[in-house]
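**Student:** All chains, full assembly: derive it from the sequences and hints.
In terms of this note's numbering, the sequence shown opens at residue 447 and continues consecutively.
Keep in mind that the hints were calculated from the coordinates and are not lab data. Each hint should be verified, as a subset may be incorrect.
Said to hold, decoys possible - The calculated lysine to aspartate or glutamate pairs, modelled on EDC-like cross-linking and capped at a C-alpha distance of 20 Å, are:
#	residue 1	residue 2
1	K486	E519
2	K484	E525
3	K503	E489
4	K486	D510
5	K521	E485
6	K512	E485
7	K484	E522
8	K512	E522
9	K484	E519
10	K503	E522
11	K484	D510
12	K503	E525
13	K503	E519
14	K484	D495
15	K503	E485
16	K521	D510
For clarity, every value in this text was computed on a predicted model and none was experimentally measured.
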Amino acid sequence: MVEQSEETRGGTATIERTETTQSVEAGDHERFAHYVQKEKIMESALSGDPVIALCGKVWTPGRDPKKFPVCPECKEVYESLMG
447 MVEQSEETRG
457 GTATIERTET
467 TQSVEAGDHE
477 RFAHYVQKEK
487 IMESALSGDP
497 VIALCGKVWT
507 PGRDPKKFPV
517 CPECKEVYES
527 LMG
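**Tutor:** This is the structure:
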């Protein structure tokens, strides 16, 4: 008879894992961080009114822009304005 160690016998094991959750919603992969005047962002935060980005997108900011890539259209307009 072959003796089995504790590790090779049938049974269960506990595997610990660290879960990290991100508050990224469906469709976020299509979203960008847009350029908007800082004052307009502050006004929107207080009033809830939408803002207009340099590319023309109209929306109410509510997500962390650092989680998204910069909108290529906004970047192009910004760079042309800055000379």
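**Student:** State for each hint whether it applies.
**Tutor:** Going down the list of hints, with the structure as the test:
At roughly 19 Å between alpha-carbon atoms, K486 and E519 fall within 20 Å of each other, so this suggested pair holds. Taken as a hint, the K484 and E525 pair is honoured in the structure, with Cα atoms around 17 Å apart against an allowance of 20 Å. This hinted pair checks out: K503 and E489 have alpha carbons roughly 17 Å apart, not beyond 20 Å. For the suggested pair K486 and D510, the alpha carbons sit about 16 Å apart, so the restraint of at most 20 Å is met.
Taking the CA atoms of K521 and E485, the gap is near 19 Å; set against the 20 Å cutoff, the hint holds. Between K512 and E485 the CA atoms are separated by roughly 18 Å; this keeps the pair inside 20 Å, and the hint holds. In summary, the hint linking K484 to E522 is supported, as the alpha carbons are separated by about 18 Å, within the 20 Å threshold. Distance hint between K512 and E522 is fulfilled; the C-alpha atoms sit about 18 Å from each other, no more than 20 Å.
Under the criterion of a C-alpha separation no larger than 20 Å, the hint pairing K484 with E519 is consistent with the structure, at around 18 Å. Using a Cα cut-off of 20 Å, the hinted pair K503 and E522 holds, with the two alpha carbons roughly 14 Å apart. Pair hint K484 plus D510 holds up; C-alpha atoms about 14 Å apart against a cutoff of 20 Å. This hinted pair checks out: K503 and E525 have alpha carbons roughly 17 Å apart, not beyond 20 Å.
About 10 Å separates the Cα atoms of K503 and E519, which keeps this hinted pair within 20 Å; it holds. This hinted pair checks out: K484 and D495 have alpha carbons roughly 14 Å apart, not beyond 20 Å. Taken as a hint, the K503 and E485 pair is honoured in the structure, with Cα atoms around 17 Å apart against an allowance of 20 Å. In summary, the hint linking K521 to D510 is supported, as the alpha carbons are separated by about 18 Å, within the 20 Å threshold.
Checked against the numbered hints given earlier, the structure satisfies every one of them.
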